[in-house]
Amino acid sequence: LIPTGEQLKHSCQTSPPEMAKHSSSSGRTNLASCAVATVFIVFLIIAAVAVYLTVFRPRDPEISVTNVKVPSFSVANSSVSFTFSQFSAVRNPNRAAFSHYNNKIQLFYYGNRIGFTFIPAGEIESGQTKRMYATFSVQSFPLSNSQISAADFQRSGSAVGTGLAEVDNRAGSTVEIESKLEMAGRVRVLGLFSHRIAAKSNCRIAISTSDGSIVAVRC
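All residue numbers for the sequence shown refer to my numbering, where the first residue is 218 and numbers rise by one.
Wrong hints could be hidden among the right ones.
Here are the simulated DSS-like pairs of lysine-lysine, each with C-alpha atoms no more than 25 Å apart in a straight line [claimed, not checked]:
| no. | residue 1 | residue 2 |
| --- | --- | --- |
| 1 | Lys321 | Lys347 |
| 2 | Lys286 | Lys397 |
| 3 | Lys417 | Lys286 |
| 4 | Lys286 | Lys347 |
None of these hints come from the bench; they were simulated from the model.
Can you build the whole structure from these sequences, using the hints too?
In structure tokens:
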């Protein structure tokens with residue numbers, strides 16, 4: 218049988234309720250898909266931030282002063298001169314190499330700088346520790362009238378941070394100096410982002426004025 222024109226017209230038409238039902242179902246499906254995609258993207262962002270903060274977040278280097286020495290020491294006319302040596306260890310806790318600048322170690326006596334030397338620029342690989350040695354001569358400078366004894370130095374405070382904490386309870390006056398070491402540089406995270414990091418180490422050192430021996434160190 219061949220359908221008439223009215224039959225064809227009727228078969229090609231869709232009732233308005235059926236069209237509304239189809240449109241509503243399609244909208245709900247699209248909304249659910251967008252919600253799932255949004256949740257997935259948010260999860261990826263949170264996971265990336267968590268990995269960055271726990272694994273790739275830039276961390277400052279760790280400095281430990283392992284030893285200090287005074288190879289030569291001289292006192293004359295209430296002035297003192299000596300040679301100073303400091304051994305340090307710098308650890309890079311980052312997942313990327315730490316490129317440090319030209320840094321320096323400085324010596325102070327009652328707030329006045331009495332000597333310094335530069336530490337050449339270099340690189341410390343991820344998770345590695347670099348040993349550093351610095352030695353330099355301190356020119357003659359006048360001693361202060363307010364010298365302290367080793368016992369007074371011991372009572373003046375406690376050790377702070379990582380490093381030496383040694384006291385020799387011998388009697389006699391001492392000259393107290395302070396060494397300051399700063400390591401600054403950059404670390405490149407994921408090979409893309411460069412961050413500046415730095416660490417400092419301060420040590421108080423008491424040197425016997427009688428023989429130039431180190432009687433106390435606090436870092």
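The hints, checked one at a time:
At most 25 Å may separate the alpha-carbon atoms for a hinted pair to count; Lys321 and Lys347 meet this at roughly 15 Å. Note on Lys286 and Lys397: the hinted pairing holds, with a Cα-Cα distance of about 15 Å set against a maximum of 25 Å. Restraint check: the Cα-Cα separation between Lys417 and Lys286 comes to about 20 Å, which is no more than 25 Å; the hinted pair holds. Between the alpha carbons of Lys286 and Lys347 the distance comes to roughly 19 Å, so the proposed pair stays at or under 25 Å and holds.
No hint from the list above goes unmet by this structure.
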